[in-house]
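S.K.: Chains as they are written, first to last, in the numbering used here: chain A, 46 to 366; chain B, 46 to 366; chain C, 46 to 366; chain D, 46 to 366.
Keep in mind the hints are simulated off the structure, nothing from the lab.
Worth double-checking, as some hints may not be accurate.
The list cannot tell twin chains apart, which means a pair is met if one copy fits it or any two copies do.
Said to hold, decoys possible - For lysine to any residue, the following SDA-like pairs were computed, each having C-alpha atoms within a straight-line distance of at most 20 Å:
#, residue 1, residue 2
1, Lys314, Asp214
2, Lys168, Tyr69
3, Lys281, Lys316
4, Lys53, Tyr69
5, Lys316, Leu209
6, Lys316, Gly206
7, Lys137, Gln365
8, Lys168, Gly239
9, Lys314, Tyr69
10, Lys358, Thr56
11, Lys204, Asp285
12, Lys53, Leu111
13, Lys314, Tyr152
14, Lys141, Val94
15, Lys360, Asp214
16, Lys213, Tyr341
17, Lys224, Tyr133
18, Lys360, Thr184
19, Lys71, Ala164
Here is how the chains run, residue by residue.
There are 4 protein chains.
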Amino acid sequence: MCTAVIKKTRTGSYFLRNLDDSYYFKNELIITPKDYQFSLRGYDDIQVVQKYKIWGIGRVIDNFPLYFDCVNEHGLSFAGLAFSKLAYYREKDESKINLTPYELPLYLLGKCKTIKEVADEMKDISLLKMDFSDELKLTDLHFVMGDKLGNSLVIEPLKNGLVLYPGKDIVLTNAPTLKYQFFYLNNFLNLNNGNSLNSLRFTIPFSNYSYGLGAYGLPGDYSSCSRFVKANYLVKTFQDSKSYLCTVYNLFNILGQVSMPVGAVYREKEKAYETTVYSVVYALGEAVIYLRKFNYLDTIKINVDAYQNYQGKNKVVSYQI
Amino acid sequence: MCTAVIKKTRTGSYFLRNLDDSYYFKNELIITPKDYQFSLRGYDDIQVVQKYKIWGIGRVIDNFPLYFDCVNEHGLSFAGLAFSKLAYYREKDESKINLTPYELPLYLLGKCKTIKEVADEMKDISLLKMDFSDELKLTDLHFVMGDKLGNSLVIEPLKNGLVLYPGKDIVLTNAPTLKYQFFYLNNFLNLNNGNSLNSLRFTIPFSNYSYGLGAYGLPGDYSSCSRFVKANYLVKTFQDSKSYLCTVYNLFNILGQVSMPVGAVYREKEKAYETTVYSVVYALGEAVIYLRKFNYLDTIKINVDAYQNYQGKNKVVSYQI
Amino acid sequence: MCTAVIKKTRTGSYFLRNLDDSYYFKNELIITPKDYQFSLRGYDDIQVVQKYKIWGIGRVIDNFPLYFDCVNEHGLSFAGLAFSKLAYYREKDESKINLTPYELPLYLLGKCKTIKEVADEMKDISLLKMDFSDELKLTDLHFVMGDKLGNSLVIEPLKNGLVLYPGKDIVLTNAPTLKYQFFYLNNFLNLNNGNSLNSLRFTIPFSNYSYGLGAYGLPGDYSSCSRFVKANYLVKTFQDSKSYLCTVYNLFNILGQVSMPVGAVYREKEKAYETTVYSVVYALGEAVIYLRKFNYLDTIKINVDAYQNYQGKNKVVSYQI
Amino acid sequence: MCTAVIKKTRTGSYFLRNLDDSYYFKNELIITPKDYQFSLRGYDDIQVVQKYKIWGIGRVIDNFPLYFDCVNEHGLSFAGLAFSKLAYYREKDESKINLTPYELPLYLLGKCKTIKEVADEMKDISLLKMDFSDELKLTDLHFVMGDKLGNSLVIEPLKNGLVLYPGKDIVLTNAPTLKYQFFYLNNFLNLNNGNSLNSLRFTIPFSNYSYGLGAYGLPGDYSSCSRFVKANYLVKTFQDSKSYLCTVYNLFNILGQVSMPVGAVYREKEKAYETTVYSVVYALGEAVIYLRKFNYLDTIKINVDAYQNYQGKNKVVSYQI
């Protein structure tokens, strides 16, 4: 399970996400250089040439960057989140550009600067059903993107076709569809961050015995829908700051409230506890990533430019983080 | 608003708490030396002589330590949490030892090593209604204590008298009473951290579409009752670790989930947002405090012994942290 | 389990209640004549002489009326509701008038016209722990009374003593205490009967997709607390009518929404389903009872005066209904 | 707003529904004779000849029966329920049989005996966008049908086309789609009708202080989703009886719990309270309807055959009820 947010603030736009899974694994900072090229999996001879540098978190196999989340040098971001049983990838469609899900971030971030450009590109794209390898099968995903201007785009590969949701200040969690989640969110529009409104004028003792009773009913469990509602509540009540540090601090608070304390969610099939492997905040348009890792008490500030960004033509660079 | 927890783990017992208020203020590490003495406020000539060293967080006025939370060298801990409109301090009772609420931690931690000893002491104590000064009035509080063995004690000064709740793995938030909170917690005993149990055998599509649906209904708002339930759920599902670091990490996750992101709770009277001023984890029996401060991204490990602990006979020592 | 309400309306004041139990049993209309006398159980030789006629539902043993609910000719009403594990009856207290719980309705309704008079009487009363017979043990109860003026009184026999809650438009269900229930009700004061207020100004599609989203979060389960909240919501949003018939119809709707459909609540110990044995509406100050019985589709209007009300001096009259 | 249920029981299959609206209106029992014929609105010269007699509730305009709910002599039932903003009727499709929504019940019930037959018919049907008259515009509806065998079919006219949901023991309320409602229902699959399961093994006082705590969290508000969950819970926990009367009594209890007490839901636009105009239970395969009307305390048993069923060839018969 995962939670991702695109949030525009006074100090810039940010992309943030928790990556949750049933076990902890090590991650890498991956930098894909501007001159990176790759052959499209669905074709014999189409070579994609990147225009923009991309960095993010994931792992590299055979010099191919498999990003969980990433941005490009223009502040366009991308992440895939689990979308079990609903993701639908297709056979090759000759009228479209057929991209596998793991090629999609490279293709879009290598080519586009903004969500507007992405939306144009998406018109011609079909998501191809083709495993990365025999060992690495396709996983059911939907995708969220954001840009420096604070615009966002959610892409859901459904049976009926790719569905796009443009927006701002967006939250994405897991299945069901974003359309469902918005409908569901409507149930909580009576909540507020102050006192109970007492529109029905009850006169009972100890009225508003606690601050924040106006939000009574806000969900706190770990299901995809409840995290969606909680994160939206926090995005909506987010208090802007002129301090960059405070902004990052506040954004991590959103992630913290929808993260997975070990024990809180048990995955019965895997006989394992869901875990927040990492929480990350990307400052869009800057070469900075803030990272909180599982079982690590501090926040790591990654200055991407402080790493060696280039190790040869067409070579993906990665660092254990 | 505040949340406090006493938790026994494989790596020892811990006392943890969020201190929430409507504005941020700076805090001090305060060390009260073994030879500290103070005159009881309610008497002309009773001098209390401490036996044990105490440290914690708060502020010092006129060489008197006003602790928000503290421990002594034997791992006995103490914290006061807001208990609005329900706390009841009394006129002087000649049959009792009359202590003001701000003298209580000094008195108990200066004299006792364990909760068992505290329980004995409390039989003779009455909480005296006497302001610290004209500027610093009494505040409505209830109290939670824990020891190295994992035993805990909640002390509530009610109109009917002091009520004591001994226990283990205890959570305390704010008003109403702990008795009420336990009753309320009963409503959530059907929740679990796995799948929905589907005892009624519905056969509908997308059953358990998300992990963790067994906890659907767990509250996520910021009221005292909802934090009480959420923290209890997290304490109960807490996964023990043999690593000291992982334990502290997991404990901070509990605090993070019941903390106050700026904006989430608006205090209408004060026209201000509730804020988690700090989150703190005390390793009971060790001179170590882990601290997370407002608008600070890292966790501060305070080795109390690394500070100068003694600055002269009967002198309270403090450091900005 | 049971739910009772005292409600003042444009067409008069009413007392209504569901009697819920794990099995169905037949009930009787019981009329206690004005000249009825009984010896107080706790004393050797105190004879109570009734001043007012009483009628209601229950059963008669040895010419003694055991009322589940009843009223007197002046429109003063009384009902006992299950109060498991919290009811506390006492040994004889020589400074008080000691009444058993089953003598209480007779004593009060035989002597008082209004809640005000009852409140005066209660000052001197202690509830005596004495079974009706070897076969018929005491049950844990608390009590609700109402009068023609719409005033109500809840009486809870707690360990600390009898607690009285005067009020208007009151709801009573089962354990825990009314004090707890009011505290609990505070959690729902943000609800209203119109649209979602959307104070946080979300802009999402299908806003207010259903009428009544302002009440989303209102409980619908059958626990005592949830019925308390639901019935209070319905009492508060009740729409007054100048028609007597509409009033009764609306009052039965309140009862219907907190009644027990067979199957909805399973009592594990008894291996039986909780059942609404009957629902009843008393028009206070009139000799009319409206009754809905288990497995009976119509509403029975009982004109008490149409029954023979008197069958001899000091003789309790009863009819199967 | 409305709620409808198809329920198979030991004493036969039933169709039940609440018709809720913002004002009360009088209703008619309408009997459409076997020899009834009507011209299809979307065509110049197609005449539909009924094979089966139909009866139900609604009103008649120009000898055309506009049914809110109805059944035919073989126990096939039909009802339309509000489906705001989601119903999508189409322009004429030459490849289909184009029926207006108000012709649909006549067409299907005049021709089919079972849901199986209906499902076959529906393959060729398109719902035509054509008002009944200038005064009587089309309303947004979705449809639920049931047969004597207990099979049911929900028909939703969506933008993507007619969606059919075959099933048993089905509940239908209002928008959003049934697909959404089933997804939503998944959130409540941890509930049960007994005690709290306490899987996490809390040891706190007053555990299961009330019967039915296993269902804590069941919604009680009046939104379409909450009624859907509540009615499903009641259908699933329904206790079968061998008595016909008890069955009908129990079915009315389901309707009662999702009905609209006056005041509970305020429609802001109309400045009016939502009202249950009537509740009705049809015994499928029998000529009997049980009716509860607004502001009427009893249940009306309508023996359809006791009315004059035929008033001349092709003539719709109606009676104020």
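S.K.: Taking the hints in turn, state whether each one holds.
M.R.: Here is what the structure says about each hint:
Neither within a single protomer nor between protomers do Lys314 and Asp214 lie at most 20 Å apart by alpha-carbon distance, with minima of 34 Å and 29 Å respectively. In the homo-oligomer, the alpha carbons of Lys168 and Tyr69 never lie at most 20 Å apart, since the shortest distance is 37 Å inside one protomer and 49 Å across protomers. Taking the shortest Cα distances, Lys281 and Lys316 sit within 20 Å of each other only across copies (18 Å), while inside one copy they are farther apart (36 Å). Taking CA atoms no more than 20 Å apart as the test, Lys53 paired with Tyr69 passes in neither setting, with 30 Å inside one copy and 25 Å between copies.
Taking the closest pair of Cα atoms, Lys316 and Leu209 never come within 20 Å of each other, the shortest separation being 35 Å inside a single copy and 38 Å across copies. For the identical chains of this complex, Lys316 and Gly206 are neighbours neither inside a copy (34 Å) nor across copies (42 Å), given an alpha-carbon limit of 20 Å. In this homomeric assembly, Lys137 and Gln365 never come within 20 Å of each other (Cα to Cα): the closest approach is 36 Å inside a single copy and 63 Å across copies. In the homo-oligomer, the alpha carbons of Lys168 and Gly239 never lie at most 20 Å apart, since the shortest distance is 43 Å inside one protomer and 40 Å across protomers.
Taking the shortest Cα distances, Lys314 and Tyr69 sit within 20 Å of each other inside one copy (17 Å), while across copies they are farther apart (45 Å). For the homomeric pair Lys358 and Thr56, neither the shortest alpha-carbon distance inside one copy (35 Å) nor that between copies (50 Å) is at most 20 Å. With identical chains, the CA atoms of Lys204 and Asp285 are never at most 20 Å apart, being 39 Å at best within one copy and 40 Å at best between copies. For a Cα distance limit of 20 Å, the shortest separation of Lys53 from Leu111 qualifies neither inside one copy, at 27 Å, nor across copies, at 41 Å.
When the C-alpha separation of Lys314 and Tyr152 is checked against a cutoff of 20 Å, the pair qualifies neither within a copy, at 35 Å, nor between copies, at 49 Å. For the identical chains of this complex, Lys141 and Val94 are intra-copy neighbours only, at 18 Å inside a copy versus 50 Å across copies, given an alpha-carbon limit of 20 Å. For a Cα distance limit of 20 Å, the shortest separation of Lys360 from Asp214 qualifies neither inside one copy, at 34 Å, nor across copies, at 53 Å. In the homo-oligomer, the alpha carbons of Lys213 and Tyr341 never lie at most 20 Å apart, since the shortest distance is 32 Å inside one protomer and 27 Å across protomers.
In the homo-oligomer, the alpha carbons of Lys224 and Tyr133 lie at most 20 Å apart both inside one protomer (16 Å) and across protomers (18 Å), since each shortest distance falls under that limit. For a Cα distance limit of 20 Å, the shortest separation of Lys360 from Thr184 qualifies neither inside one copy, at 26 Å, nor across copies, at 62 Å. In the homo-oligomer, the alpha carbons of Lys71 and Ala164 never lie at most 20 Å apart, since the shortest distance is 33 Å inside one protomer and 48 Å across protomers.
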